[in-house]
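S.K.: Once you have looked at the hints, place chains Z, B, H and G with the ligands on chain U.
So the protein lines, in turn, are chains U, Z, B, H and G. With our numbering, letter number 83 in the first sequence gets 83, and the count goes up by one each step, no holes. With our numbering, letter number 129 in the second sequence gets 129, and the count goes up by one each step, no holes. With our numbering, letter number 76 in the third sequence gets 76, and the count goes up by one each step, no holes. With our numbering, letter number 66 in the fourth sequence gets 66, and the count goes up by one each step, no holes. With our numbering, letter number 194 in the fifth sequence gets 194, and the count goes up by one each step, no holes.
Keep in mind that the hints were calculated from the coordinates and are not lab data. Only a predicted model underlies this, so the values are computations on that prediction, with no experimental measurement involved. You can take every hint at face value.
Once the Cα atoms are required to be at most 20 Å apart in a straight line, the calculated EDC-like pairs of lysine to aspartate or glutamate come out as:
| no. | chain 1 | residue 1 | chain 2 | residue 2 |
| --- | --- | --- | --- | --- |
| 1 | H | K327 | H | E337 |
| 2 | U | K98 | B | D245 |
| 3 | U | K28 | B | D173 |
| 4 | G | K159 | H | E234 |
| 5 | U | K89 | B | D245 |
| 6 | G | K159 | B | E306 |
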Amino acid sequence: MNSQNNTEKVLSVRGLKVYFPVKKGIFKKTVGHVKAVDGVSFDIYRGKTLGLVGESGCGKTTVAKAIVKLVHAHEGEVICKGTDLLTAKPSKLRELRKHIQMIFQDPFSSLDPKMTVGNIIGEAVKFHRPDEDTEKLVLNYMEITGLRGEYYKRYPHEFSGGQRQRIGIARALATEPSIVVADEPVYALDVSVQAKALNLMKNLQQRLDLSYLFITHDLSVVKHISHQIAVMYLGSIVEIFNSKDLKNKTVHPYTRALISSIPSSTPGQKREEIILQGEIPSPMNAPPGCKFQTRCQYKTSICEKVKPELEPINSSSISSAQKSPLGASNLPPVQSHNSVSTMPNRNKHLQGNIPASELTHLVACHNWRSLPFNIDNLHFNIDKKAGNIAP
Amino acid sequence: MPLTVGLNHKKITNESGAPNNGHVRPADTTNLKNPLKTKIYKDFPTKCTDNDDLLLQIENLKTFFHTEDGLIRGCDGVSYSVKKGQTLAVVGESGSGKSVTAMSILKLIPDPPGKIAGGRILFKGNDLLSFTPDEMRKIRGNEIAMIFQEPMTSLNPVMTAGEQISESLILHRGFNKKEAMSNAVELLSLVGIPAPETRAGEYPHQLSGGMRQRVMIAIALACRPDLLIADEPTSALDVTIQAQILRLIKKLQKQFGMAVILITHDMGVVAETADMVAVMYCGRIVEYGTSHDIFFSPRHPYLKGLLRSVLNIDNEEDDLYIIEGNIPDPLNLPEGCPFEPRCPEKMDICTKQRPEPFFFGNVHYACCWLHA
Amino acid sequence: MNNILKIKTFYLFIISALLLAVISPKAEIDYISYGIFALLTLIILLISLAIYRHKKINATTIIKGTGELVWRRLAKNRTATASMIILILLSFLAILAPFITPHDPLETDWGALSQGISSSHWLGTDDMGRDIFARNLFGIRVAMGIGVTAVVLNTLIGTLLGLLAGYYGGKTDNVIMRLLEIWNAIPFILLAIAVMAALGTGIGKLILIVSLSNLMAFARIIRGSVMTVREFDYVAAAKVIGIKDFHIIIRHIIPNCISPILVLASLSIGETILVIAGLSFLGLGIQPPMPSLGGMLSNGQQFLHENLLMSIVPGVTILLIVLSFNLFGDGVRDALDSRLES
Amino acid sequence: PCAEAKEKVLRIGMAKEPAKLNPVFIPGIYGEAVAGNIFDTLVSYKENASMPTPLLASKWEISEDGKEYTFHLREDVKFHNNEKLTAKDVKFTLEAIMDTANASPSKEFFEPVERIETDGDFIIKLHLKNPYAPLMLALGSHTAGIMPADHVKQVGMDAFDSHPVGTGPFIFVEWLPDERIVLKKNPGYFLAEPAIDKVIFRPIPKPEVMAAEIESGGIDIAQNLLPQDISRLEKEGNLNVMTIAGLGNSYLGFSYKKAPFSDPRFRKAVYHAVPFDAAIKGIWKGVGERSYSWIPDGVFPFDTEYMKSRALPHDKEKAEEYFNELKKEGILQDGFEFSIYTSQNPHRVKIATVVATELRKYGLKAKVESLEWGTLFPILKNDSGCYIMGWGSVPDPDRWTYKIFHSGSTMNFSKYELPEIDEALDLGRSLVSSKQRGEQYIKVMRKALGEDYIHIPLVFKSVTVVTGKNIEGFTPSPQDYFHLVTEKRNVTVN
Amino acid sequence: MLNYTIRRLLLLIPLLFFISVMIFGILKLTPGDPAVVLLGERATEEALELTREKYALNSPFYVQYVKMMGNFFTGELKSIYYKENVIMVVLKKMIPTLELGLTALMLAIAVSIPAGIISSVKRNSIFDYTSMTTALFGISIPVFFTGILLIYLFAVKLKVLPASGYGGSMFTIEGLRHLVMPAFVLSFTMMASTTRITRSSMLDLLQEDYIRTARAKGVKENQVILKHAFKNALMPIATNVGNQIARLFAGAVLTETVFAWPGVGRLAVNAIFRRDEPLVFGCVLILSVIYVVVNLMVDLFYGIINPRIRYE
Ligand SMILES: Nc1ncnc2c1ncn2[C@@H]1O[C@H](COP(=O)(O)OP(=O)(O)OP(=O)(O)O)[C@@H](O)[C@H]1O
Ligand SMILES: Nc1ncnc2c1ncn2[C@@H]1O[C@H](COP(=O)(O)OP(=O)(O)OP(=O)(O)O)[C@@H](O)[C@H]1O
Ligand SMILES: [Mg+2]
Ligand SMILES: [Mg+2]
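Here chain U stands alone, though its shape is the one from the complex (with noise of 0.2 Å):
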């Protein structure tokens, strides 16, 4: 186990931008974008699972796809290892990839029906490992994630969703990455298997000592399993929060219709009912200004016109915040000190001056203040320890 306090970062995400173009007419011509992500920024640290949550449709498989670099990004800077993965040669890409690796959503696609278990974990192992005993290695990823070594000859089908789960997570650790991307990886199963599969990842993120991009749309899992939460929307991070302030302490608008649409767990239990109207707008033409102005009741002028950023939420920044209220630096530049150079900064708004220890909680949102909901939920005295954790 590390330390409780460790704050290395192992991914940096800076103003990531991902569009597909949208052709149309007699020539195809490119008439739009989709702005499936839209400058999203996050850090991930040594052990600990940041998690995404978000809408249907908001980007959250593109953010994922783009950092494995399944998705061509547009913008922005995804730094492993002190390399930016957007830009890096084939060959340093290759050797990046094996500390990246994800789970896929859907445990019948991602395992090839045509393959033994036993080939496809060694698939992985042979590939990054090839002076190494295949065959032992992968009977020892198949006994961490609880695999029984007779599986080594079967195929896919023979298993159960959970079980395929776990040989898909077993294929992921094959490479020994430091970071797993993982996509919904129990949306597909039934309550009971979602625990199972859930408690293996913490599980295994104990031993040895992985990083967690988790995402859902399933807030009560992403609790669970996450130390911090960033929330999406439209393809832009409008909240990122410690776990634990889940329940009171968050302040974007979207976050708490979020969290009051979650069934409660027992009957006759009253709890607040904020129901969104609508749907999602179409990332191609979403709004200027707040993307959530059309679904939003605290909707003001200013949501109309300008794009909130993210702001931090502390008692320093507060000050800081009401004082020049917008544009502020939000994010704080990557640290030198783990083994990540300085990069040039591309992105204007990446600049800042935030020292990690204080980033905790983050908001995307001009009204935030004035809220109803955040009268009594906004104590500034933010737990320290926690906050140094930064979930």
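M.R.: Relative to the frame of chain U, chains Z, B, H and G with the ligands by itself:
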């Protein structure tokens, strides 16, 4: 305003004995003094139900699938009942037979390989299993409607939303196309679709998942059924949309006084909506009771485990509770209690004999030898 | 019992290898016998493999590869099994032709023109006194050999094009599919006639032209399934691991697109044999004196009154071969049908 | 409809569609067969294939030296467009044939003609460079059908081809390619009014289909039937089957220049190796007569007996011997592969197949390539080595021999080249006396076929025509023509 | 939809260009001399040379190509054999081809679609087995074999139908009598494949969730099949039928050969054999264009029945 449409239907069919479309409801001709009824009550678990409120009663329903690999008992002796205006939630793991039971009610089991092998489905006192296909057709969509799990594939891609809604109105209400279409538009606005006139003319692929599910609900509600079967109506949808849809169903249920069978595997949804709950495991009901019974005094080890393993934001535990093992292969179920291999409290008898229901009060029962 | 079976297939394999060694110098057209032999051996190997697997399954019951699953379905399908047996039988007849009939298919007997069924000529003789049965056997050999070879080639080329188009998409896709569209737009029979006229007739050319005939269908279907498979997460997983495109195609894409390829291939063998027979009927396929079923039929058409056997025998034989291949293809399709899978 | 019912229609099945109907362009017998009913020639061979009889020319004179021919035309002849036939039409027609610009296939038959002059409206004179015996044949063949000069000049040669106008018994109505050619009767025909109202020629390329058509009554006259169909139809007796000796020879030719075919021993070996007698009998059945020379029995010079004696019998040992000798000398390799080229005529394909089959027994890998004429011709011209072809139609020895054996001829596929032969052939053309000419041809045949075995003559195909019982007055012509109205006959349909 | 149509139409231009180049290329690769064919066996070398000159057979390929294309578009490309405008020649032959093809197609559609639907609905019934077996035979039996057997039976033995040939317009008794056998033979194959396609796509569609929805609505079974399932099955069927229509214009060479039917297929085949280069070029080009255009129309028809494309 849109409500009047629905109310009118009700009047036509219920109050004037012979509805204008000429079809006679089985319920009107055969009254509740069905000779079979007393017998049913004798061994039916829900002993003290108020008879007059009883809308649907399933007794010992068996639906089997004769597949290449062998016999699958999709639902194996299921009994439950639904009262007028009540919500019955059916929960259970994937493959536990929730959908099969529901589809058996409407006799929509694909044959081959499926066959309803036994039992009775009494709807307003009449056994649906004895109905001819034509009689059955008149029940479907009219008195019992169903919403399916997959909003993406459950709508016909080459028909507009309006057409698909008006179809059942034309069928069961004898409307002409124009009337049906204007009713369809009203139904669309009833289920909360903005700009219903334009949406009525659109095809499923032009609608988002949430909207499609609303259209499905509109189709189901078109003839104001007495019973709505909603088979996981929200599991394919987003949390926010989920909440909207559930609220909509609840609202409409209240308005129309429908009974609802809500199939789900989300305990949260059950907690919020259900009056009665049936917990299924491997084609059987393992515990049955009011929502309060199920959540506050669960008896079956499976249910207990299930409730403990449920994720929720109030749960502060670090490690989640896990029911060990997997559900058994439906092709070779254990002889005794199907949960026995995973049961933390199993006994000798569990391997040998299938447990019968044991009652705790009037309705609440569990099928487990622990309570024998 | 299983042991016996295993030994039997093994010896079957050896025997057919020996047979080939004996026959091949005798056979005029060596590569046809090789083609047929390859097919036969493949079938026998498949059978033995299946038996072997089956045995294993009986032992452990759980291990089920998809191949085994497919085989089991195929074996359960009675018509498919029957057609397979017929095909194997026909292949054996074709391969063993010189041993089955004492007559040389080319030998003319001017004393026995256009005879009916007799003890020395089982199906009579044709207008040049040649034994119809012998000619028919050799005709089967040619038809099946060329048909299978052409389809194999067709499949290989079509698969390659479809793979490239489907996997890389974009411009590659556009270029390949447009070219195929052009190729496809020209009516095949005319193309075949023109090309045969251009290059001259001959088996090699026949195979070439026929194997280029169905490219569009193959490429289209394979492109479609590659595009589906390409989107599966396991391909993404392989990419995330860092595996190169070539290996992804070889290890993940091809094995998962094999079902439509197999189905299409087995369904198009029959069609291909028909096309070849049609070309021979038009006088463009196989050149005399080599016996061909289409040529025999076209010749027989002139003798409808005199000797119906001359058209009935090759006609029915074509029908039988094509029918068996089609039935077999249907069986393969049903067995590989993904809807039924798992 | 009532009038139509009485209309007498004769439907004729043809093995092949005519390529052209403009006599100047007509390349083969099918065009001639149709044109023979639309056009008339100066003289006629319709009734007697060896002696010319008057037709458009009522009489003619030939000068002593055989260099000047004078024809007196009938004065009562009108073209179908009502123009009167005059000497200038004849002059125009013959000159059109000789005009290089028209590239007439019949041009060479008029090669010796120096000039043509008219003498008044009804006398025409042909001046030759040298005596030329086959001239009358050339004038009598349907490719020398007389065209209306003014009309042709007006519409052009090509357009005339698709709408021919002649003086013959029938008037061209329409030509639907691959479907039918329709002619109607010319009521003012100068010989007699045709007894038939309408003639329809239908191209039916498949002989078995033709047989079925005549049987089912779809056509009234069928030609080029298969032997088996002929004997069957004959047996059934519902139809008239008429057979006469034909004039077309089929032969197996070898290259004179290309080894191993150029070695006479090879050719003899092939002759010995194949049982030609049996095979020809089996393939042609009743419809052909074994040939030993290029010149058929009925045509001078009569030398069949000698030629027959020079034919080589089927003798496997001799063949073996020759082949072994050749192999020993290295002229022939074991497993030598070659093609026997032939047209798509089913009989020829079969005999080629027999040859190929038999030769395989001696370790020669022969295969048959039966090609369409357009592909075949260039191959044959380039010295193919071994081929089976056929040729001939008009009853004069020159027709067969000159083209086939003269070293300057394009049809000399064997590339046979001997000065003595060329000389004899040239002489045979220019002599007038049949006897003297005959000697030349005997010389050629004996040398080429009796000694060199450059060809193996196979069969003179006889001509068989099957007609419905309701057809009256029709007889087949040796050239596969359909003569419907002549001074001696007027075919009719009952 | 409009954009889609326009784009597809624009794509035709390069497509046709390449097709024409390819046809021309094959044409020029083909040995054999059109002049020889034209002039026949007796032609002199001189005459041949003249003819080659006349039809520009001696100029460089690109000149010949440009000339041919130019002539084709100005309608001056004349068949060597027919001496008529190539387009006219083809159009004339199109009549018998279409009479035969469309009759066969109508027959095939009229039989196969109902048969396919019934088979899929009454799966594993006697009807299903019979029609599927027939269909299997239909795709397995060579057309020329069926043709021969029919001629033997109806023309030779029973003498009720003419053995072959074209009897004039199909709206006359004689024309119709001639049409019966070839149309049946041709339609048999079409029938077979359409029946199979119909059945299998209907079987697929009957499994769809929306069919279950329709049943749950209480829609009558025949409505479920015709309105819900068949409407969707139209798409694969349209592809199949469209393909057949497109091919149909090219004529059914084999059927036309067996029955001596004077259609486009035989025209093209004969043109190839006769080395009638302008006609081959024009004919194949026209047929290819028709093929491409018909396919385009099928795709557009798709657009009409499939709203997904219509609203693209
Ligand atoms: N390849 C692509 N081309 C065009 N648009 C795309 C592509 N991939 C994703 N998008 C669009 O980008 C947006 C974000 O998609 P993404 O899959 O990242 O959402 P998500 O948050 O993962 O949703 P879900 O919860 O449904 O998985 C969507 O509107 C989607 O339509
Ligand atoms: N058409 C069918 N053929 C064969 N078996 C079937 C068929 N439909 C259902 N079954 C079987 O019946 C059993 C019950 O299935 P059912 O669909 O009712 O489960 P469920 O509880 O609805 O699960 P889910 O939560 O996944 O919808 C399963 O074992 C399933 O395999
Ligand atoms: Mg996603
Ligand atoms: Mg279900």
